[in-house]
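Q: Sequence:
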Amino acid sequence: MDAMRDLVLKIKPYTTGYGFLISETGIMVAHPKKNLVGENVRKFVFQTTFDRITLGEPAIEEHLSTITGKPNAYVFVPITPGRTGMAWGIAVAVPVDEITVGAHALRNISILIAVITAANARDSMAELGQAA
Numbered sequence: 718m719d720a721m722r723d724l725v726l727k728i729k730p731y732t733t734g735y736g737f738l739i740s741e742t743g744i745m746v747a748h749p750k751k752n753l754v755g756e757n758v759r760k761f762v763f764q765t766t767f768d769r770i771t772l773g774e775p776a777i778e779e780h781l782s783t784i785t786g787k788p789n790a791y792v793f794v795p796i797t798p799g800r801t802g803m804a805w806g807i808a809v810a811v812p813v814d815e816i817t818v819g820a821h822a823l824r825n826i827s828i829l830i831a832v833i834t835a836a837n838a839r840d841s842m843a844e845l846g847q848a849a
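Using the numbering used here, read the sequence shown as starting at 718 and increasing by one per residue.
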């Protein structure tokens, strides 16, 4: 079990994302914030998400982090440790702004390309108008 805890605590998606481990009853068994170990995840997630976690089903939700106060995306994936038959879960939390930074950069580049293209088209039309 210690090896699994250590592995989950090494999960570092994006810049400040993190992983945590949840028992079949919803107790956080491993979390980077040591004070949350032993807490029930029910305090921090929507009821439908908690129900899915305890049934061993995957779940995704987005809400304000109780740690940072910023929007986070949470992904919960069921696992069965060893041959226990128990439905535990590995969760990953990532700030939404870290997930969307690439999309925002792409949007900004697209806008810049559109502005340059429109300016070039306008100049070409002006030249055609003067030639006529």
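No lab work stands behind these hints, which were simulated from the structure alone. What you are looking at is a predicted structure, and each value in this text was computed from that prediction instead of being measured. Any given hint could be a false lead.
Only pairs whose alpha carbons sit at most 27 angstroms apart, straight line, appear in this in silico BS3-like list of lysine-lysine [said to hold, decoys possible]:
#, residue 1, residue 2
1, Lys727, Lys751
2, Lys787, Lys750
3, Lys729, Lys760
4, Lys787, Lys751
5, Lys750, Lys727
6, Lys750, Lys760
7, Lys751, Lys729
8, Lys760, Lys727
9, Lys787, Lys729
10, Lys729, Lys750
11, Lys787, Lys727
12, Lys787, Lys760
If you anchor each label on the Cβ, the simulated ranges turn out as follows [to be verified]:
#, residue 1, residue 2, range
13, Ile828, Arg722, 41 to 47 angstroms
14, Thr834, Thr797, 49 to 55 angstroms
15, Thr733, Ala822, 56 to 62 angstroms
16, Ala822, Asp768, 50 to 56 angstroms
17, Arg839, Leu781, 20 to 26 angstroms
18, Thr797, Ala822, 37 to 43 angstroms
Glycine included, every Cβ here is placed at the ideal spot set by N, Cα and C.
Q: Determine for every hint whether it applies to the structure shown.
A: Verification of the hints:
{"no.": "1", "hint": "Lys727 x Lys751", "verdict": "holds, 14 angstroms"}
{"no.": "2", "hint": "Lys787 x Lys750", "verdict": "holds, 16 angstroms"}
{"no.": "3", "hint": "Lys729 x Lys760", "verdict": "holds, 23 angstroms"}
{"no.": "4", "hint": "Lys787 x Lys751", "verdict": "holds, 20 angstroms"}
{"no.": "5", "hint": "Lys750 x Lys727", "verdict": "holds, 13 angstroms"}
{"no.": "6", "hint": "Lys750 x Lys760", "verdict": "holds, 15 angstroms"}
{"no.": "7", "hint": "Lys751 x Lys729", "verdict": "holds, 16 angstroms"}
{"no.": "8", "hint": "Lys760 x Lys727", "verdict": "holds, 24 angstroms"}
{"no.": "9", "hint": "Lys787 x Lys729", "verdict": "holds, 17 angstroms"}
{"no.": "10", "hint": "Lys729 x Lys750", "verdict": "holds, 14 angstroms"}
{"no.": "11", "hint": "Lys787 x Lys727", "verdict": "holds, 22 angstroms"}
{"no.": "12", "hint": "Lys787 x Lys760", "verdict": "holds, 17 angstroms"}
{"no.": "13", "hint": "Ile828 x Arg722: 41 to 47 angstroms", "verdict": "holds, 45 angstroms"}
{"no.": "14", "hint": "Thr834 x Thr797: 49 to 55 angstroms", "verdict": "holds, 54 angstroms"}
{"no.": "15", "hint": "Thr733 x Ala822: 56 to 62 angstroms", "verdict": "violated, 18 angstroms"}
{"no.": "16", "hint": "Ala822 x Asp768: 50 to 56 angstroms", "verdict": "violated, 37 angstroms"}
{"no.": "17", "hint": "Arg839 x Leu781: 20 to 26 angstroms", "verdict": "violated, 45 angstroms"}
{"no.": "18", "hint": "Thr797 x Ala822: 37 to 43 angstroms", "verdict": "holds, 39 angstroms"}
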